[in-house]
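Novice: So you can see what is in the structure, the chains are spelled out below.
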Amino acid sequence: MTKIATREAYGEALAEIGADIKDIVVLDADLSGSTKTAVFAKKFPERFFNIGIAEQDLMGTAAGLATCGKIPFASTFAVFATGRAFEQIRNSICYPNLNVKIAATHAGLTVGEDGATHQSIEDLALMRALPNMTVISPADAVEAKKAVKAAALHEGPVYLRFGRMAVETIFDEDYEFKIGKGKILREGKDVAIVATGIMVGEALKAAHILEKDGLNAMVVNIHTIKPIDEEVILQAAECGAIVTAEEHTIIGGLGSAVAEVLAEKKPTPMRRIGVRDKFGQSGKPDELLKLYNLTAEDIASAAKEMKR
Amino acid sequence: MMQVNELQKISAEVRSDVIKMIGKAGSGHPGGSLSIVDILVTLYNKVMKVDPKNPNWEDRDRLVLSKGHGCPALYSILARKGFFDVEQLWSLRKLGSMLQGHPDMRKTPGIDVSVGSLGQGLSVAVGLALGAKLKNKKYRVFAIIGDGEMQEGQIWEALMSSIHYKLDNLTIILDYNKLQIDGPNEEVMSLGNIRERMQAFGFDVHEIDGHNHEEIYNALSAPVIAQKPRFIIAHTVKGKGVSFMENQVGWHGKAPNAQEIEKALADIGGTTI
Ligand SMILES: Cc1ncc(C[n+]2csc(CCOP(=O)(O)OP(=O)(O)O)c2C)c(N)n1
Ligand SMILES: [Mg+2]
Numbered sequence: 000m001t002k003i004a005t006r007e008a009y010g011e012a013l014a015e016i017g018a019d020i021k022d023i024v025v026l027d028a029d030l031s032g033s034t035k036t037a038v039f040a041k042k043f044p045e046r047f048f049n050i051g052i053a054e055q056d057l058m059g060t061a062a063g064l065a066t067c068g069k070i071p072f073a074s075t076f077a078v079f080a081t082g083r084a085f086e087q088i089r090n091s092i093c094y095p096n097l098n099v100k101i102a103a104t105h106a107g108l109t110v111g112e113d114g115a116t117h118q119s120i121e122d123l124a125l126m127r128a129l130p131n132m133t134v135i136s137p138a139d140a141v142e143a144k145k146a147v148k149a150a151a152l153h154e155g156p157v158y159l160r161f162g163r164m165a166v167e168t169i170f171d172e173d174y175e176f177k178i179g180k181g182k183i184l185r186e187g188k189d190v191a192i193v194a195t196g197i198m199v200g201e202a203l204k205a206a207h208i209l210e211k212d213g214l215n216a217m218v219v220n221i222h223t224i225k226p227i228d229e230e231v232i233l234q235a236a237e238c239g240a241i242v243t244a245e246e247h248t249i250i251g252g253l254g255s256a257v258a259e260v261l262a263e264k265k266p267t268p269m270r271r272i273g274v275r276d277k278f279g280q281s282g283k284p285d286e287l288l289k290l291y292n293l294t295a296e297d298i299a300s301a302a303k304e305m306k307r
Numbered sequence: 000m001m002q003v004n005e006l007q008k009i010s011a012e013v014r015s016d017v018i019k020m021i022g023k024a025g026s027g028h029p030g031g032s033l034s035i036v037d038i039l040v041t042l043y044n045k046v047m048k049v050d051p052k053n054p055n056w057e058d059r060d061r062l063v064l065s066k067g068h069g070c071p072a073l074y075s076i077l078a079r080k081g082f083f084d085v086e087q088l089w090s091l092r093k094l095g096s097m098l099q100g101h102p103d104m105r106k107t108p109g110i111d112v113s114v115g116s117l118g119q120g121l122s123v124a125v126g127l128a129l130g131a132k133l134k135n136k137k138y139r140v141f142a143i144i145g146d147g148e149m150q151e152g153q154i155w156e157a158l159m160s161s162i163h164y165k166l167d168n169l170t171i172i173l174d175y176n177k178l179q180i181d182g183p184n185e186e187v188m189s190l191g192n193i194r195e196r197m198q199a200f201g202f203d204v205h206e207i208d209g210h211n212h213e214e215i216y217n218a219l220s221a222p223v224i225a226q227k228p229r230f231i232i233a234h235t236v237k238g239k240g241v242s243f244m245e246n247q248v249g250w251h252g253k254a255p256n257a258q259e260i261e262k263a264l265a266d267i268g269g270t271t272i
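Going line by line, the protein sequences match chains A and B.
First residue of the first sequence: 0, per numbering that gives the first Met the number 0; consecutive thereafter.
First residue of the second sequence: 0, per numbering that gives the first Met the number 0; consecutive thereafter.
Hints may contain errors.
Claimed, not checked - Quick list of in silico lysine-lysine cross-link-like pairs, DSS-like style, CA-CA up to 27 Å:
(1) B:K106 x A:K283
(2) A:K303 x A:K277
(3) A:K264 x A:K2
(4) A:K211 x A:K306
(5) B:K106 x B:K136
(6) A:K283 x A:K2
(7) B:K80 x B:K106
(8) B:K45 x B:K106
(9) A:K41 x B:K253
(10) A:K265 x A:K69
(11) A:K2 x B:K23
(12) A:K289 x B:K23
(13) A:K182 x A:K264
(14) A:K188 x A:K211
(15) B:K93 x A:K277
(16) B:K253 x A:K289
(17) B:K48 x B:K136
(18) A:K283 x B:K93
(19) B:K253 x A:K2
(20) A:K283 x B:K253
(21) B:K80 x B:K48
(22) B:K19 x B:K136
(23) A:K177 x A:K69
(24) A:K42 x B:K253
(25) B:K253 x B:K93
(26) B:K23 x A:K283
(27) B:K8 x B:K253
(28) A:K21 x A:K69
(29) A:K289 x B:K93
(30) A:K277 x B:K106
(31) A:K182 x A:K2
(32) B:K93 x A:K2
(33) A:K289 x A:K2
(34) B:K227 x A:K289
(35) A:K180 x A:K148
(36) B:K165 x A:K283
(37) A:K188 x A:K148
(38) B:K80 x A:K41
(39) B:K45 x B:K227
(40) B:K227 x B:K132
If you're looking for bench data, these hints aren't it; they were derived computationally from the structure.
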């Protein structure tokens, strides 16, 4: 199977839709080679602005451009986009509900060797807390491309979360992507695994492991963390047990969003797979996923534990 | 007069370490590590009061490597000064290592401040300098910032407070290698005339060749001007000492392969003798 990083797909998608949607402008903070906005910059140099290493300024400038009718995509690493510039996003972009797309790359532990300071494990929580913000976390390159297009056409602030590491492609080109709409990738009745981002692939592998143990697992892909698809979560709850999986802290991300829906509408036993209130560290992406218990095996054991 | 030859020798050793460490790690930032070697070697061998056996000594001078990605150079010097075993250097960036991709004050003896997100270290250095004043301590605080890093608004906020609080125990060293990731500073986001800007702020400004140990030493040890923090513009070469890395933006954050390591080590050996 081909492995492509979602950030690569972002760069390609941006350069593609930039040809049709002339109002798209792109801003970066000295990381255009890594975030892949350089692909757009090369094709449309007059619509690309390097703001330098100044993430707060990056978000403010994007807000200003949005008030002029432009559709700014502002990119840097997830930790700097949502951390350093959080309040600029809050007060200059979300509060006035401006049409800015924050496309952040290098999210999660799979940043690897750069270590804790560069591993964004709380960005979904931060962005989800903001009114008017739509939060999208694609699982593979196909979904990432479709998400970029959908975000460009959506009116209002959008946070797009991309990864550094190449990941297996799960979806076919004709896969239908709709903001706010989760997708059941595998039917099942004993337990439901609700996953986002790179953990969707792990969830599908976990379902295979569980099958060998006689458990029939449903797998749900939640690419839009906010607004969350309550309907598909309630459908998953019919299994009577839910495991959520995200490359993010278990505090405030997908697991929390699902728990909030279930607590109010249909209390269901659940387990959250994610980073357990810890910072990351240097290491190879795969080593870190193992160490922090973010693998298919971890998902499967959580599911089995609940069905015991 | 100090023994410049001796410092040059140490610098070459540190440069070799940097290449080997990043090579073994398979990732890291050679360009910005090599540009600060001579500054760090002079600081740790001729200027700073530190005790490798007692890394948390209260009266020690402090160093904040605000451009934290240059840490391989600092790790090598700390190891060679005896803060920890030299063998640790080869574990850089590996799972469980005391040498993280960016400096971690809780994991590495001799690291005074955790850094890695550009622009933040200088504010912490201001805090350290204020702390010394509050506690009537005589220690000095040194902060090394990058030129690209200077684009962060927080740098300018910290520059303002160091002047406002008259922190003459603070020395800021700009590693002025003229390059960042996406290209030269001038193309990405111009820094203007830094000397004039820093003079206008009210700093005791020095401008030196950041690879000349004597000039570095003189700027660091010049008599303190009361109530004035010092700002040293150190002109440097990104990738200094390795012919094919010098002034090459592509070597900001890339590990050399086996062949390149060999060539780099040969280059570095050549500059010492
Ligand atoms: C807040 C923040 N934004 C972005 C980065 C990513 N980054 C790491 S190094 C670097 C370029 C630094 O340039 P400069 O300060 O000139 O360092 P040097 O040339 O000495 O390597 C960038 C953008 C970061 N570490 N922190
Ligand atoms: Mg530089």
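Novice: Determine for every hint whether it applies to the structure shown.
Specialist: To see whether the hints hold, each was checked on the structure:
1. With a CA separation close to 18 Å, the supplied pair B:K106 and A:K283 stays within the 27 Å bound.
2. Using a Cα cut-off of 27 Å, the hinted pair A:K303 and A:K277 holds, with the two alpha carbons roughly 25 Å apart.
3. A C-alpha spacing of about 38 Å is found between A:K264 and A:K2, which places the hinted pair above 27 Å, so the restraint is violated.
4. Simply put, A:K211 and A:K306 have alpha-carbon atoms about 14 Å apart, close enough for the 27 Å limit, and the pair holds.
5. Simply put, B:K106 and B:K136 have alpha-carbon atoms about 26 Å apart, close enough for the 27 Å limit, and the pair holds.
6. Between A:K283 and A:K2, the direct Cα distance comes to roughly 17 Å. Compliance with the 27 Å bound is thereby established for this hinted pair.
7. At roughly 17 Å between alpha-carbon atoms, B:K80 and B:K106 fall within 27 Å of each other, so this suggested pair holds.
8. The straight-line distance between the Cα atoms of B:K45 and B:K106 is roughly 26 Å, inside the 27 Å bound, and the hint therefore holds.
9. For the hint linking A:K41 to B:K253, the alpha-carbon distance of about 22 Å falls within 27 Å, and the restraint holds.
10. Distance check on the hinted pair: A:K265 and A:K69 sit about 42 Å apart at the alpha-carbon level, beyond 27 Å; violated.
11. Of the supplied pair hints, the one linking A:K2 and B:K23 holds, its CA atoms being roughly 25 Å apart against a limit of 27 Å.
12. Restraint check for A:K289 and B:K23: the C-alpha separation of about 22 Å stays at or below 27 Å, so the hint holds.
13. Annotation: proposed proximity of A:K182 to A:K264 holds, straight-line Cα distance about 20 Å (limit 27 Å).
14. At most 27 Å may separate the alpha-carbon atoms for a hinted pair to count; A:K188 and A:K211 meet this at roughly 15 Å.
15. The hinted pair formed by B:K93 and A:K277 meets the criterion: a straight-line CA distance of about 18 Å does not exceed 27 Å.
16. Proximity of B:K253 to A:K289 is assessed by CA-CA distance (about 26 Å); at most 27 Å being required, the pair is judged to hold.
17. Under the criterion of a C-alpha separation no larger than 27 Å, the hint pairing B:K48 with B:K136 is consistent with the structure, at around 13 Å.
18. Restraint check: the Cα-Cα separation between A:K283 and B:K93 comes to about 7 Å, which is no more than 27 Å; the hinted pair holds.
19. Restraint check: the Cα-Cα separation between B:K253 and A:K2 comes to about 21 Å, which is no more than 27 Å; the hinted pair holds.
20. Restraint check for A:K283 and B:K253: the C-alpha separation of about 16 Å stays at or below 27 Å, so the hint holds.
21. Among the hinted pairs, B:K80 with B:K48 is consistent with the structure: their alpha-carbon atoms are about 12 Å apart, no more than 27 Å.
22. Between B:K19 and B:K136 the CA atoms are separated by roughly 38 Å; this puts the pair beyond 27 Å, and the hint is violated.
23. About 23 Å separates the Cα atoms of A:K177 and A:K69, which keeps this hinted pair within 27 Å; it holds.
24. Pair hint A:K42 plus B:K253 holds up; C-alpha atoms about 25 Å apart against a cutoff of 27 Å.
25. A hinted pair counts as satisfied when its Cα atoms are at most 27 Å apart, and B:K253 with B:K93 qualifies at roughly 16 Å.
26. Taken as a hint, the B:K23 and A:K283 pair is honoured in the structure, with Cα atoms around 13 Å apart against an allowance of 27 Å.
27. For the suggested pair B:K8 and B:K253, the alpha carbons sit about 25 Å apart, so the restraint of at most 27 Å is met.
28. With a C-alpha separation of about 9 Å, the suggested pair A:K21 and A:K69 falls inside the 27 Å cut-off, and the hint holds.
29. For a cut-off of 27 Å, the pair hint linking A:K289 to B:K93 stands: about 14 Å separates their Cα positions.
30. For the hint linking A:K277 to B:K106, the alpha-carbon distance of about 15 Å falls within 27 Å, and the restraint holds.
31. Among the hinted pairs, A:K182 with A:K2 is consistent with the structure: their alpha-carbon atoms are about 22 Å apart, no more than 27 Å.
32. About 24 Å separates the Cα atoms of B:K93 and A:K2, which keeps this hinted pair within 27 Å; it holds.
33. Taking the CA atoms of A:K289 and A:K2, the gap is about 20 Å. The hint holds against a cut of 27 Å.
34. Of the supplied pair hints, the one linking B:K227 and A:K289 is violated, its CA atoms being roughly 51 Å apart against a limit of 27 Å.
35. For the given pair, A:K180 sits about 15 Å from A:K148 by alpha-carbon distance, which is consistent with the 27 Å threshold.
36. With a C-alpha separation of about 45 Å, the suggested pair B:K165 and A:K283 falls outside the 27 Å cut-off, and the hint is violated.
37. Simply put, A:K188 and A:K148 have alpha-carbon atoms about 34 Å apart, too far for the 27 Å limit, and the pair is violated.
38. In summary, the hint linking B:K80 to A:K41 is not supported, as the alpha carbons are separated by about 47 Å, beyond the 27 Å threshold.
39. In summary, the hint linking B:K45 to B:K227 is supported, as the alpha carbons are separated by about 22 Å, within the 27 Å threshold.
40. Annotation: proposed proximity of B:K227 to B:K132 holds, straight-line Cα distance about 14 Å (limit 27 Å).
Against the hints set out earlier in the document, violations occur for numbers 3, 10, 22, 34, 36, 37 and 38.
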